[in-house]
Amino acid sequence: MTHHTDSVGQRPLDGGMPARRAVTRWAWRLLRREWRQQSLVLALITLAVAVTTVGVGVSTNTPLSPYVGFGNAQDMATFSNSSASTMATIASWHKRYGAVDVIDNETVTVPGSVDTFSLRAQNPYGPYGQPLLALVSGHLPTKTGEVAMTSGVASDFNLRVGSDWTVKGVTRKVVGIVENPKNLLDQFALVLPGQVTTPTSVTVLFDAPVGTPSKSLGPNVITPMSVAQGNLLNPETISIALVTMAMLLIALVAIAGFTVLAQRRLRSIGMLGALGATDEHIKLVVRANGVFVGLVGAVVGFVVGFAAWLAYRPHLEVSAHHVIGVFQLPWIVIVVAVALAVAAAYFAATRPARAMIRISTVSALAGHPAPPKKLHRSAVPGVVLVVVAFVLVGVAGARGGNGGGMAALVIGFVTLTVAVVLLSPFLLTVLDRFSRRAPLAIRMAMRDLARYRARSGAALGAISVGVLIAVVVIIATAARFGNALDYAGPNLSSTQLIIYTPNGPYGPGGPGNSSKGGGVPTTSLAPMAQSARAIAAALGSHVVIKLETTSATLQHAASGRSFSGPLYVATPQLLRAFGIGKSAVGPTTEILSMRPGFAGLSKMQIVYGNYYSGQGSGPGRSESWPCPTSDCLANPSMQEISSLPAGTSAPNTVITEYAVKRLGLTPITSGWLVKTSKPLSAGQLTGARSTAAAAGLSIESKSSIPTSATIIDWATFVGILLALGVLAMTIGLIRSETADDLRILVASGASSGTRRSLTAATAGALAFVGAVVGTAAAYVAMIGFSRTNALDGISSLASVPVANLLLILVVMPLVAAMVGWLAAWREPKGLSGRLIQ
Amino acid sequence: MSMLELRNVSKVYGEGATEVDALRNIDLEVDRGSLVAIMGPSGSGKSTLLTIAGSLELPTTGDVMIDGSNVVGMSRNDKARLRRRTIGYVFQDFNLLAGLTAVENVSLPLELDGVPMKKARAQGMSALDELGLSHRAERFPDELSGGERQRVAIARAVVGERSLLLADEPSGALDSVNGEAVMRMILSACHRGVAALVVTHDAKLASWADRVVFLRDGKAVDETLSPPGPEELLDHDATNPPAS
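Going line by line, the protein sequences match chains Y and S. Residue numbering for the first sequence is 0 to 836, as defined by this note's numbering. Residue numbering for the second sequence is 4 to 247, as defined by this note's numbering.
Simulated from the structure, these hints should not be mistaken for laboratory data. All of these numbers come straight from a predicted model, not from anything done at the bench. Where is the CB? At the ideal position from N, CA and C, for every residue including glycine. Just so you know, not all the hints are guaranteed correct.
[As the list claims (entries may be wrong)] Below 30 Å or equal to it, Euclidean Cα-Cα: the simulated DSSO-like pairs (lysine-lysine) are:
id: 1; chain 1: Y; residue 1: Lys660; chain 2: Y; residue 2: Lys677
id: 2; chain 1: Y; residue 1: Lys282; chain 2: Y; residue 2: Lys181
id: 3; chain 1: Y; residue 1: Lys660; chain 2: Y; residue 2: Lys602
id: 4; chain 1: Y; residue 1: Lys282; chain 2: S; residue 2: Lys121
id: 5; chain 1: S; residue 1: Lys122; chain 2: Y; residue 2: Lys282
id: 6; chain 1: Y; residue 1: Lys94; chain 2: Y; residue 2: Lys142
[Unchecked claim] Here are a few chain S residues that sit away from chain Y, every Cβ distance over 10 Å (derived from the structure):
id: 7; residue: Ser5
id: 8; residue: Asp30
id: 9; residue: Glu60
id: 10; residue: Thr63
id: 11; residue: Ile90
id: 12; residue: Glu114
id: 13; residue: Asn181
id: 14; residue: Arg187
id: 15; residue: Val224
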């Protein structure tokens with residue numbers, strides 16, 4: 000037999016690096032061999048990182064980056080003119096900091112259009128401004144009398160390279176077509192420095208020494224850091240918050256997965272202990288497995304995400320109107336996502352790693368897991384955190400979610416999430432107590448859930464957090480969209496189109512504008528009406544409803560939100576168009592609205608005429624109650640009529656002709672509402688828009704704002720899907736721990752119905768408790784926020800989306816139980832063999 | 004000095020009404036180079052004796068001396084180190100680590116003890132070679148036959164400087180030919196100075212041992228010197244060839 004010749008005493012007592020390398024290698028090999036058993040966690044991490052990579056790429060590149068104007072510079076100053084003081088400041092920076100890039104812009108209107116472009120004087124080879132300039136064709140201007148321009152400007156003036164172009168009285172030769180790759184919507188004509196004599200803005204790019212506070216340079220100077228500080232809620236920070244939340248959920252699921260996996264490897268781990276592995280080595284095996292799962296998932300996720308990004312990037316460039324580099328991704332966010340994925344998997348593996356070393360080597364070798372420890376986990380920490388979260392969201396509510404309120408909101412929400420995770424295992428014990436008189440299968444299922452809380456508690460926490468998020472969205476949407484004053488939702492339906500006169504939806508006599516009448520002269524209205532009818536005819540519609548406004552609007556004098564939306568006149572034609580007969584409107588009714596709860600609002604008043612000019616307007620203006628009777632009518636008679644259209648731009652709230660007469664108001668034509676039988680196509684809308692523009696009109700069609708029902712339904716769907724997904728991933732793992740009990744049960748003569756009932760009861764109970772905990776936590780958050788919120792008080796929670804909550808609280812547990820019943824039809828593999836043993 | 008010495012060892016599981024005496028006042032010595040077999044019916048305490056002898060469990064009372072050191076009172080890490088350096092286990096169901104090749108399984112105890120991978124691997128290969136398994140060194144356990152797996156387990160148990168081999172029914176999952184081959188390898192290790200303690204039900208295999216200890220209800224009820232086994236008979240045949 001060979002004996003190694005090392006001096007044993009020289010070796011590290013714990014085996015040192017060779018030992019750690021050996022157990023890590025084993026963990027890696029096991030992952031390669033048994034990756035299918037961990038495919039759920041791997042898939043979740045892969046998906047999360049892939050979605051983050053693409054999502055963060057799209058979300059940060061879609062809007063123009065706030066840093067694009069900097070070019071290569073660290074500091075940017077903007078002045079409104081090139082006065083002597085401006086020039087002196089620029090000269091002083093030049094002297095102190097060296098190179099300075101000055102870009103003069105003069106806004107010029109395209110003749111016969113409201114469109115403008117910039118006449119830009121910029122050194123094409125300047126030290127900092129070069130990234131803002133790219134040559135498309137021709138060459139850049141090299142001398143006075145030469146100009147290069149964007150293709151948009153060339154098109155507006157029907158120019159091409161070689162043409163002569165006169166602007167601001169100066170004729171120049173077009174020598175090239177250029178673009179701003181950072182902003183393809185930037186339309187400009189480029190001339191050499193000094194060619195713009197009356198700039199409307201002067202941008203100065205320079206590099207102050209690192210660490211120089213931008214404020215010390217002057218009020219006009221900003222740095223990328225100051226921009227970032229002023230914009231904390233940017234796509235990057237939102238993405239990091241979302242990915243953190245996702246990884247928390249994944250970690251909860253992974254705890255269950257890793258625990259079962261460690262149990263399956265119990266005999267091997269026992270053998271490792273028998274061979275002389277220390278506790279640290281055994282923990283390392285389980286933890287290393289977690290890290291490898293996190294790493295593999297993160298790397299695969301990044302590769303998939305990056306491939307999707309490469310495929311989508313060209314489309315994004317078109318929609319975002321600026322050139323986007325292949326590697327123009329927020330790498331910090333992606334690195335954070337990858338690190339979070341690894342950290343989540345590592346921490347998820349830590350708990351089973353600790354559990355493994357509590358099992359004696361002899362038990363492990365025999366494949367006997369440690370009997371479940373009797374936990375006396377108190378609900379107190381969870382309850383304390385719920386209270387803390389309640390206070391924090393209350394602080395956020397008082398501050399309206401702005402400034403420090405946003406930080407309080409985020410911390411409060413995270414605290415609530417932790418509280419839910421802590422309370423979940425405790426609630427399983429409560430569930431067990433309640434089920435003591437239930438039939439055998441249910442009783443056993445509840446008892447097992449309570450006994451094996453390492454797994455079931457984590458799964459329940461994940462379900463509860465998923466439901467919490469979904470229900471918060473549901474309640475918040477119901478509250479916000481259900482607000483009768485500041486009505487929210489889609490503007491119009493897909494079969495509606497409004498053609499506005501230059502008066503617009505609020506008319507020239509609207510709030511802030513004095514007067515009765517005014518607006519478009521009557522002589523101009525006739526051809527406009529004709530154009531509106533022509534547009535409607537082109538769309539195949541003959542339903543053209545004239546929309547009239549007055550100087551009147553509604554005012555809410557109590558605290559909370561203000562009235563929003565236009566207040567059209569309820570002309571007989573308008574009422575008829577929506578099937579409202581004369582008899583349906585009260586003879587003294589002054590306001591009609593389809594907004595639910597509108598008629599019950601208190602401290603409402605119609606203000607009109609010179610009310611606002613007399614009261615003053617703008618921020619800080621307080622609504623007086625009751626208002627002066629000269630230009631105001633307090634407590635108007637209001638009636639709800641559900642037949643009026645629901646869109647925010649549609650006449651959902653109207654003033655009756657009775658009120659118009661009573662208050663002596665003068666209606667003016669604001670536009671025409673066109674109703675079509677079929678949804679309008681993009682081509683039809685383009686045609687309508689150009690016809691309207693030619694006649695001095697403008698149109699409004701359905702925007703992409705979803706309805707409250709859409710948001711609530713999607714949140715319900717996603718919440719249920721998430722909860723069922725977590726259940727699908729964990730239910731097998733949870734039941735596997737009690738596989739021996741099941742074998743004994745079957746040997747004792749239990750039928751497949753008992754086996755199915757066990758799984759069904761486990762799934763149903765987890766889904767139900769998760770739904771209850773998540774919903775309760777969501778209401779805690781919303782009550783805490785609304786309680787102190789000045790805009791949406793506690794009453795805003797009165798509109799309860801009952802149907803959606805019932806889907807989550809009742810239907811989801813039933814579906815979970817049903818799926819559990821169906822999925823347990825097959826006898827567990829090897830059951831009969833194990834029974835013989 | 005004995006390689007393994009159990010002094011007045013008792014083991015009690017459970018308490019009160021569930022109390023079970025697994026071992027009662029056992030005294031046992033295994034010298035270097037000797038093979039001791041433990042026999043007895045199920046539940047007699049054979050496996051408990053083995054786990055206590057291997058420091059996997061502690062006795063309720065008594066002392067366990069391995070190579071002169073008392074295991075009782077040692078820290079978990081010290082016991083782990085003792086197992087890495089001194090004790091080798093062979094189990095009925097092989098207990099090779101899936102995911103590691105045969106040679107990696109054999110060299111694992113050395114690596115756990117801090118021997119660099121290359122060196123450990125060389126020693127592992129050498130151990131496999133001595134058992135005629137070098138050609139299967141890169142195979143994973145599920146690619147080996149039962150006999151080969153147990154040979155790998157024996158190689159793992161004796162690799163390095165290990166001097167105490169504990170085997171629990173090492174031939175229990177093997178046919179008679181492979182079972183005998185395994186016993187022969189254990190005996191061969193003993194000839195090189197390894198002390199071996201083997202638990203077995205098989206009287207034929209126990210006959211290979213220098214001594215057989217019989218356990219019943221946790222007590223050593225008998226101890227016999229083994230009659231000449233097949234190995235000795237073969238040796239005898241070789242030294243005294245039959246007259247032709």
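Each hint, compared with the structure:
no.	hint	result
1	Y:Lys660 x Y:Lys677	violated (37 Å)
2	Y:Lys282 x Y:Lys181	violated (51 Å)
3	Y:Lys660 x Y:Lys602	holds (22 Å)
4	Y:Lys282 x S:Lys121	holds (24 Å)
5	S:Lys122 x Y:Lys282	holds (25 Å)
6	Y:Lys94 x Y:Lys142	holds (27 Å)
7	Ser5	holds (20 Å)
8	Asp30	holds (22 Å)
9	Glu60	violated (6 Å)
10	Thr63	holds (14 Å)
11	Ile90	violated (8 Å)
12	Glu114	violated (4 Å)
13	Asn181	holds (21 Å)
14	Arg187	holds (14 Å)
15	Val224	holds (24 Å)
Of the numbered hints listed earlier, those contradicted by the structure are 1, 2, 9, 11, 12.
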